[in-house]
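Mind docking chains B and C on chain A? Use the hints.
Chains as they are written, first to last, in our numbering: chain A, 27 to 349; chain B, 373 to 712; chain C, 6 to 321.
Just so you know, the hints here were simulated from the structure itself, not pulled from any lab data.
Check the hints yourself; a few may be wrong.
[As the list claims (entries may be wrong)] List time: in silico SDA-like cross-link candidates among lysine to any residue, alpha-carbon distance up to 25 Å:
#1 C:Lys82 to A:Ala118
#2 A:Lys158 to B:Val404
#3 C:Lys8 to C:Gly75
#4 A:Lys158 to B:Ile685
#5 A:Lys209 to A:Met192
#6 C:Lys8 to C:Arg312
Owing to the predicted nature of the structure, the values given are computational and were not obtained by experimental measurement.
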Amino acid sequence: MVYALLQRLGQMLFVMFGISVLVFLIFFATPGADPAARIAGRNASPEVLEAVRKSFGFDQPFYVQYLTMMKKIFITGDLTSFVNRGWKVVPAVLDTVPVTLSLVIGAAVLWVVFALIIGIVAAATRGSWIDKTLMVLGLIGISMPVYWLGEMLNLITQSRYHDTWMFSWVPPLGYKNFSDDPKGWFLTLVIPWITLSILYIGLYGRVLRAAIVESLQEDYIRTARAKGLSETRILLRHALRTSLVAFVTLFGLDFGALVGGSALLTEVVFGLQGVGKLTYDALLNLDLPIIMTTVLYASFFVVMANAVVDVLYMLIDPRVRTA
Amino acid sequence: MSVISDTLDVTPKSRGPWATALRRLLRDQAAVAALVVFIVIVVFCLLAPAYAYWAGTDPFKSTLDAVIKLNGQDVPVMEQSTEGLGLGYTPIGPTWQLGNYFLGADNQGRDVMARLLYGGLNSLFIAGMATVVTLFFATLIGLAAGFFGGIIDTLLSRFLDILWAFPVYLLAISLSIVLIAQGLNLGIITIESGSLWLPIFIIGVVYVPYVARPVRGQVLALRESEFVLAAIGLGVPSHRILLRDILPNVSTTLIVFVPIMMALNMITESALSFLSIGVQPPDASWGTIIQDGQTLLYTRPMVALAPGIAIVITVLALNVLGDGLRDALDPRSKIRIGRS
Amino acid sequence: MLKVRDLTVSFRTEQGIVRAVDGVSFDVGEGELLGVVGESGSGKTVSLLAVMGLITDPNAIIAGSIQYRGRELVGLKSRAMRELRGKEIAMIFQDPMTALTPVYTIGWQIAEQVLAHNNVSKSAAWQRAIDLLAEVNIPKPEETAHRYPHQLSGGMRQRVVIAMALSCNPALLVADEPTTALDVTVQAQILDLLHKLRRNHGSAIVFITHDMGVMAEIADRMLVMYAGRVVERGTKQELFSSPMHPYTRALLDSIPPLTGERPRRLRAIPGTPPNLLNRPPGCAFAPRCTLRFDKCDTEPALGSGQRAAACFRVPA
Numbered sequence: 027m028v029y030a031l032l033q034r035l036g037q038m039l040f041v042m043f044g045i046s047v048l049v050f051l052i053f054f055a056t057p058g059a060d061p062a063a064r065i066a067g068r069n070a071s072p073e074v075l076e077a078v079r080k081s082f083g084f085d086q087p088f089y090v091q092y093l094t095m096m097k098k099i100f101i102t103g104d105l106t107s108f109v110n111r112g113w114k115v116v117p118a119v120l121d122t123v124p125v126t127l128s129l130v131i132g133a134a135v136l137w138v139v140f141a142l143i144i145g146i147v148a149a150a151t152r153g154s155w156i157d158k159t160l161m162v163l164g165l166i167g168i169s170m171p172v173y174w175l176g177e178m179l180n181l182i183t184q185s186r187y188h189d190t191w192m193f194s195w196v197p198p199l200g201y202k203n204f205s206d207d208p209k210g211w212f213l214t215l216v217i218p219w220i221t222l223s224i225l226y227i228g229l230y231g232r233v234l235r236a237a238i239v240e241s242l243q244e245d246y247i248r249t250a251r252a253k254g255l256s257e258t259r260i261l262l263r264h265a266l267r268t269s270l271v272a273f274v275t276l277f278g279l280d281f282g283a284l285v286g287g288s289a290l291l292t293e294v295v296f297g298l299q300g301v302g303k304l305t306y307d308a309l310l311n312l313d314l315p316i317i318m319t320t321v322l323y324a325s326f327f328v329v330m331a332n333a334v335v336d337v338l339y340m341l342i343d344p345r346v347r348t349a
Numbered sequence: 373m374s375v376i377s378d379t380l381d382v383t384p385k386s387r388g389p390w391a392t393a394l395r396r397l398l399r400d401q402a403a404v405a406a407l408v409v410f411i412v413i414v415v416f417c418l419l420a421p422a423y424a425y426w427a428g429t430d431p432f433k434s435t436l437d438a439v440i441k442l443n444g445q446d447v448p449v450m451e452q453s454t455e456g457l458g459l460g461y462t463p464i465g466p467t468w469q470l471g472n473y474f475l476g477a478d479n480q481g482r483d484v485m486a487r488l489l490y491g492g493l494n495s496l497f498i499a500g501m502a503t504v505v506t507l508f509f510a511t512l513i514g515l516a517a518g519f520f521g522g523i524i525d526t527l528l529s530r531f532l533d534i535l536w537a538f539p540v541y542l543l544a545i546s547l548s549i550v551l552i553a554q555g556l557n558l559g560i561i562t563i564e565s566g567s568l569w570l571p572i573f574i575i576g577v578v579y580v581p582y583v584a585r586p587v588r589g590q591v592l593a594l595r596e597s598e599f600v601l602a603a604i605g606l607g608v609p610s611h612r613i614l615l616r617d618i619l620p621n622v623s624t625t626l627i628v629f630v631p632i633m634m635a636l637n638m639i640t641e642s643a644l645s646f647l648s649i650g651v652q653p654p655d656a657s658w659g660t661i662i663q664d665g666q667t668l669l670y671t672r673p674m675v676a677l678a679p680g681i682a683i684v685i686t687v688l689a690l691n692v693l694g695d696g697l698r699d700a701l702d703p704r705s706k707i708r709i710g711r712s
Numbered sequence: 006m007l008k009v010r011d012l013t014v015s016f017r018t019e020q021g022i023v024r025a026v027d028g029v030s031f032d033v034g035e036g037e038l039l040g041v042v043g044e045s046g047s048g049k050t051v052s053l054l055a056v057m058g059l060i061t062d063p064n065a066i067i068a069g070s071i072q073y074r075g076r077e078l079v080g081l082k083s084r085a086m087r088e089l090r091g092k093e094i095a096m097i098f099q100d101p102m103t104a105l106t107p108v109y110t111i112g113w114q115i116a117e118q119v120l121a122h123n124n125v126s127k128s129a130a131w132q133r134a135i136d137l138l139a140e141v142n143i144p145k146p147e148e149t150a151h152r153y154p155h156q157l158s159g160g161m162r163q164r165v166v167i168a169m170a171l172s173c174n175p176a177l178l179v180a181d182e183p184t185t186a187l188d189v190t191v192q193a194q195i196l197d198l199l200h201k202l203r204r205n206h207g208s209a210i211v212f213i214t215h216d217m218g219v220m221a222e223i224a225d226r227m228l229v230m231y232a233g234r235v236v237e238r239g240t241k242q243e244l245f246s247s248p249m250h251p252y253t254r255a256l257l258d259s260i261p262p263l264t265g266e267r268p269r270r271l272r273a274i275p276g277t278p279p280n281l282l283n284r285p286p287g288c289a290f291a292p293r294c295t296l297r298f299d300k301c302d303t304e305p306a307l308g309s310g311q312r313a314a315a316c317f318r319v320p321a
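Isolated chain A (complex conformation) (with noise of 0.2 Å):
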């Protein structure tokens, strides 16, 4: 058991180790790529670039320069912007957690219940007009680009209907801390939670309800059914139950990615300054000790899930157990 942990956490640093290799590699060693003019600017003069070279230690070999930044993330913890010097990146980064925190888990309460109501409803009345709407509906939602549908929905509450009752209480764009101001951060959050979780809703809408249809024709509900059980407790408690499990591992996979930065479509469009947000400027900005640290931030939130998930499915299902 305890072997089996530790292979795990191998594997785990092993992944991250990779893509920290990876994205160094990307931004520090892409044939062409010379970071020291990125930060100089263009028209530096050759003095200039070599200045700049030698403070950020580009005249080192890569894997010099790798260590060095790696020590200065996790050992020294003063690794500085390239972009903004003297601006902690590892703080930095750590700030901007709490706004994606409170972006996903707000938009993940929102689709999983959703998600089950949808999946549920459609299963039960499976071949019906109910059934082929929703699953219609939920299509719609996969098929909507999330940046444009924020936009969309942008132009709806703050501008064209933004008089109107239904829409006046939306504030303009921008994060709200929860400290300060609970009813603000709610507000300024709210439809940006909608507009994250439409794509999922519509996803996992469709999952939920493949699985229990799915379930419904094995033989242990014919069983079920012969015991004399009622539809609706067949349906929740038997084929529900056994079809969680794809749902659970689709979720927690999906939620670790989320956390880890992939909303920053849904940030850039309603201006929350979260993970992905960060690392979206400081892509634009070729800020590489940023773009490193979200990015190990990203990989590890991602390869944490994964764990996650493994565990989780282990607990739902009891036939992984024993194995």
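Structure of chains B and C alone, referenced to chain A:
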């Protein structure tokens, strides 16, 4: 002794699996409708040059002082106003006259409708080519890893794990930012910075694990199947087994992936273009037009609305088609649509 | 106790209407064991599924009469049917490996049935589950009740299924080929178990099988089905010693003899069962029958007595 009656059933001549699948697909009304919609969209986009010619507009040139005829009157494309861009000018809104700035103008005075068609062409092209790239590499990797196993499998799987652990959009954005600036030079292949092949390559590569893993899984299972084991036992060389026995079985999975990947790629490309790191000007794509429409969002929403709707319809059609294909070819498949 | 009269179950399909069960009638008396034997597609399973009200296909049409202790089951409201099902009429199926829900313990699943039909406490239901497991000879029932289905062997799982089916003391237990998927040795144990339980609980059993050997062991009376119809019925002794219908005789002939010279080829019945979609007129078995003659072009009727066969060769 016994009489075998002539009323005994004779099994009807069985059709091949492809013919059965095609029949099943054609009976699926939703899938057929989706296919038709998709083809119509493709045709419209292919007509982009014709439309631009007929409308007399050049959708790539900034035409701030163009003047069009509207209801008999001369109307400048950039109207004077106090709202909008804050420059004192607002592009005109939709005229709803085909060939005459149907959807209005964007902030550079360009005909949005014409740009929409050209953009569609690019978006569709990128999505399609990226799908080819993904399927090509994914099949290679999936076949190699699944069939040969051992160290090859371990190496390839670890590589896929790392690639996939990188959130897709972050990886795509990272690669785009770095490569957009200077293009890609791998010695054998050189792609210039402004070329469409850059996003094609990036999007294609980024989704390789998404397809490679199921392919690998299927190849692994097939490798243990009796007919493959028999072939190996008979001494059939590996490449023949791969080509003759394994690849045809994997092809159904690949075919189902085509519309699914195209749908995913369209959304990814539009996101990258929206962030200005996908298709580069002067080229347009639906994503870039949405970006163009951002500043005009509250005054001339059509610029951002139209390409978005175009994306939604196209992606919807592709998803429905993907569903239909999957049901026709392999109803028990676990492939689901629409996620990265 | 159970009176089935002229039961017909048809399914609407794309190619037309398929009559899986065509005018079947039989009785089951209190406490007796009725064996139903026939090939795949003979309609044996579908008829009993209709009795249980377990046909969920929306394209199914059920006609005829099924009377349980005087109560008409055809057309009964689903809620009322559910109250009967699992409580007074129970059914077990062929494959024990997939019969139980994988995510709940077997004790929980048995208790679930008890609780669904009886107003007792959870602990009482759990205790009943343990008692039932003991009754079906499952070792260490208190511990096993906490196990999951995948932790038990096929034979054990089938015992659990039987325990579950008997949990509410049904008057009638329908067993659809419960031993077909099991080893011969396990099969014998299960049959013994069913004997014993029948004695203890007094339930009647309808035992569906295609195995004449199993029939010989346990049945009181027998029903032979072919192409959706009953072709012969009678007591076990009557059918085995003097089978009347050519199909029954062919079935018995196909069993290899225990003594005497070993046949070089097993005597199979040539041909295949008819397509139920476009059933030709006349006796359904005629194409494969060695005794067919010109009268067989019309449908032979099954007599109404306890001992009857649907064949023109048989004196009415």
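How the hints compare with the structure:
no.: 1; hint: C:Lys82 to A:Ala118; result: 66 Å, violated
no.: 2; hint: A:Lys158 to B:Val404; result: 17 Å, holds
no.: 3; hint: C:Lys8 to C:Gly75; result: 8 Å, holds
no.: 4; hint: A:Lys158 to B:Ile685; result: 18 Å, holds
no.: 5; hint: A:Lys209 to A:Met192; result: 17 Å, holds
no.: 6; hint: C:Lys8 to C:Arg312; result: 16 Å, holds
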